[in-house]
Amino acid sequence: MTSHRPLHLAAEVASGAGPDAARRTLALARTAEAAALDFLTHDDTFAGPGLDALAVLARIAPETRSVGLVPTVTTTHTEPFHVQAAVATLDWVSRGRAGWRIAVSPSGAEARLVGRRPAPPTAELWQEAGEVAEVSRKLWDSWEDDAEIRDVATGRFVDRRKLHHVDFQGATFSVKGPSIVPRPPQGNPVTVVDATRPAARDTAAHHADVALISAASAEEAAALRAELHRGARAHGRDPGQLRVLLSSTVDLDAYEGGAGALAELIAGWHGGGAVDGFHLVPAAGERDLERFTSETVARLRERGLFRTDYEGTTLRDHLGLARPVSQYAKAVASA
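Under full-length UniProt numbering, the first residue of the sequence shown is numbered 1, with each subsequent residue one higher.
Treat each hint with caution, since some may be false.
Unchecked claim - Okay, derived cross-link-like pairs now, BS3-like style, lysine-lysine, Cα gap no bigger than 27 Å in a straight line:
#, residue 1, residue 2
1, 176, 330
2, 162, 176
3, 330, 162
As the list claims (entries may be wrong) - Pairwise CB distance ranges, derived in the manner of DEER restraints:
#, residue 1, residue 2, range
4, 157, 324, 19 to 27 Å
5, 170, 4, 35 to 43 Å
6, 4, 55, 33 to 41 Å
Just so you know, these hints were derived from the structure itself, not from any lab.
For every residue, glycine included, the Cβ atom is placed at its ideal position computed from N, Cα and C.
Please work from the sequences and hints to get the whole structure.
This is how it looks when you write it as structure tokens:
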């Protein structure tokens with residue numbers, strides 16, 4: 001690629017409910033993988049019927065080889081310990097290609113479905129979501145990378161000195177730990193936060209590896225990216241480890257100029273530093289994803305702006321993100 005700043009491309013592949021939904025999702029995933037997209041997302045919500053996104057992508061994982069798999073996971077009305085274990089399991093099943101897109105559930109109707117508690121204000125839900133992201137990282141780190149010893153002669157599976165209690169106390173939950181799942185292949189699966197709404201932006205700046213934004217102009221997108229970078233720095237993070245992607249619903253039958261114009265827009269916004277990439281939400285799943293991968297991505301490749309094949313094996317590789325060292329292993333080493 002000729003650009004020193006890699007372009008990142010992703011797409012939504014949720015295919016609704018019905019007996020053949022998983023089959024259709026697999027077909028979309030294979031289309032995304034054939035185009036070497038960084039990752040695919042699968043939306044989920046308590047607000048309507050549909051298959052569980054995390055379970056669907058666990059089904060898709062053995063049938064794909066390289067594309068990242070990012071289900072939406074609601075942190076409201078769910079148990080943080082179970083959530084992190086499920087995401088870690090997806091990382092193992094996919095051999096290091098998992099992420100999760102954090103979502104909250106603010107409506108009273110959704111709260112009544114679960115019956116666990118009334119829905120708190122949205123700002124509190126995003127604060128809680130941030131705490132779920134924080135404790136998930138701690139639990140993923142609670143097994144050091146070499147904690148498993150699998151010594152058949154002595155019957156010892158794990159070195160207990162390399163398991164750590166996280167002892168996390170949040171505003172609405174507490175977790176002792178350690179996790180029940182060994183440390184994921186990526187160390188920490190990739191955290192994605194939809195920052196299109198202002199209430200989610202501080203959580204994205206603090207915890208996200210990838211933030212999704214919406215903007216009507218390159219200038220607006222650049223301002224949002226700069227805001228997220230400032231927030232990341234304020235939380236003691238390296239803004240260079242945060243990818244900001246424009247998320248947009250696209251109808252390539254009605255879009256002015258079609259797939260070619262979309263390629264120009266992506267190239268212009270990325271080249272100007274407004275965004276790190278683009279997250280396509282197809283208006284019509286099969287049709288628009290096919291046109292995006294066969295026409296838009298092809299034009300971007302002709303300009304040397306997007307990979308022709310995967311250059312690594314994990315989602316962190318695709319995104320150019322470092323594999324984090326276990327915070328507990330670092331603490332032991334420093335002690």
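Hint check:
1. A C-alpha spacing of about 20 Å is found between residue 176 and residue 330, which places the hinted pair at or below 27 Å, so the restraint holds.
2. For the hint linking residue 162 to residue 176, the alpha-carbon distance of about 15 Å falls within 27 Å, and the restraint holds.
3. Among the hinted pairs, residue 330 with residue 162 is consistent with the structure: their alpha-carbon atoms are about 12 Å apart, no more than 27 Å.
4. Between residue 157 and residue 324 the beta carbons are some 24 Å apart, a value that agrees with the proposed interval 19 to 27 Å.
5. The hinted range of 35 to 43 Å is satisfied by residue 170 and residue 4, whose Cβ atoms lie roughly 40 Å apart.
6. Taken as a hint, the range 33 to 41 Å holds for the pair residue 4 and residue 55, whose Cβ atoms sit roughly 39 Å apart.
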